[in-house]
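Protein chains: 2
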Amino acid sequence: MLAIGDELLSGRTKDRNIGYLADVLTLAGIDLKEVRIVADEPVDIAAAINALRARYTYLFTSGGIGPTHDDMTADAVGQAFGVPVGYHPTAYELLEKHYRQREMDFTLARKRMARTPEGALLIDNPVSTAPGFKMDNVYVMAGVPAVFQAMVNNVVASLPQGPQILSAAVFCPFGEGDIGGPLAQVQAKHKSVVIGSYPKFDGKSYSTELVARSRNEQELEAARLDIEAMLIAVGKEKAGSSPA
Amino acid sequence: MLAIGDELLSGRTKDRNIGYLADVLTLAGIDLKEVRIVADEPVDIAAAINALRARYTYLFTSGGIGPTHDDMTADAVGQAFGVPVGYHPTAYELLEKHYRQREMDFTLARKRMARTPEGALLIDNPVSTAPGFKMDNVYVMAGVPAVFQAMVNNVVASLPQGPQILSAAVFCPFGEGDIGGPLAQVQAKHKSVVIGSYPKFDGKSYSTELVARSRNEQELEAARLDIEAMLIAVGKEKAGSSPA
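Order-wise, the sequence lines are chains U and L. So in UniProt numbering, spot 129 of the first sequence is number 129, and the numbers just go up one at a time. So in UniProt numbering, spot 98 of the second sequence is number 98, and the numbers just go up one at a time.
There are no misleading hints in this set.
No distinction is drawn between identical chains; accordingly, a pair holds when it is met within one copy or between any pair of copies.
Here are the simulated DSS-like cross-link-like pairs (lysine-lysine), alpha carbons at most 30 Å apart as the crow flies:
(1) 14 <-> 204
(2) 111 <-> 189
(3) 33 <-> 14
(4) 236 <-> 204
(5) 134 <-> 33
These aren't lab readings, by the way, just hints derived from the structure by calculation. This one's a predicted model, so the numbers in the text were calculated from it and none came from an experiment.
Turn these sequences into a full structure, and let the hints guide you.
Pasting the structure below:
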């Protein structure tokens, strides 16, 4: 994913789109492999698009497709693909009709939202009409969370769904330092399962959430049982030689 | 910045460190230019570190320096710099003392937290002892937000502060499409000021927050006045020929 916008890098806006896309893709069995955030700089946007679209099956972008001068994504995508950018006839019609119905001027600024690189297919915007677009394996969507979410829901539903990634969470009352060694052994035994270890700190002491993830239910369950057995063993060891 | 961790890409954890660092850097007058999020894959981490440390003045990382098998950042940094990774004597001592005082075992897993690439300088961890480290212009910090924040506060305070970026926000009751044209003219007139336009959608209609940013107070103020004059003109135009 590529999130675009100065406001994300200045701290003014705290991004909510990355986490949303991550959730939706996980449910669809598609792995999110990398995210980048770049400023409203066409050269930087184009470079990131080319790096990511070459490397991954899909690239999803958020932001920079509105009507103002700092909305540069359509031009940057055109630059990345080496194609001209102009009004997309269907997008133009949709927007023209949208504003006519509302008795609002279809200003030059609003017309910017109809601009796409040559060859783009539109992505429906059920919230506020101005469409996103798809070029090859790149899905260009709005940055406003309500619109991004609606576009993502449509786009991801249209992609081939992978086998869903299943996960099992096991609460561990000990800190990571108590379990790091034996947990690495459990991980080494279950190579098709990815076990994550997430420390929690309540201000005084650590606990850990252990999360096993796999596309295979049996293997996941086997790993989960071994994690629980490991926790019981660590707990006994910590209790040491104290009589029961 | 580079945020490291499978959990950020699966949606399990919603990142809070990017926004925090963005805020702190903005206050310090340092521009955050790019963020990447990668999984717990040493090759990917090392590649991102090398790309970002070559391109920018500083690189800040979060995550992957704990005691478990999925904490791979120290090794990835060593790989990126082409240096071996081993116990840092001061870090080892600090941690040994920390656990001895708490009558906790200094397990092999906990010892992992003393591992740094050769030549690293430590970053103090006032929250839970296990230090971060600095290699050249790369600051390697924890992913747990309380610890990341404490480390960032120390690190950023130690950097030369830039002239602070000042900002002025102007609420615009119209959608971006109404102001995109004239706003671009204001932007063209004030080249040393960056004007951002942030649409807000309340479910029915759009408004816009306009934010001008500059390191020069006079130029910022001049741009702000022109934005306000532009909004008055647009408002009059929208009211059209209706009698006052």
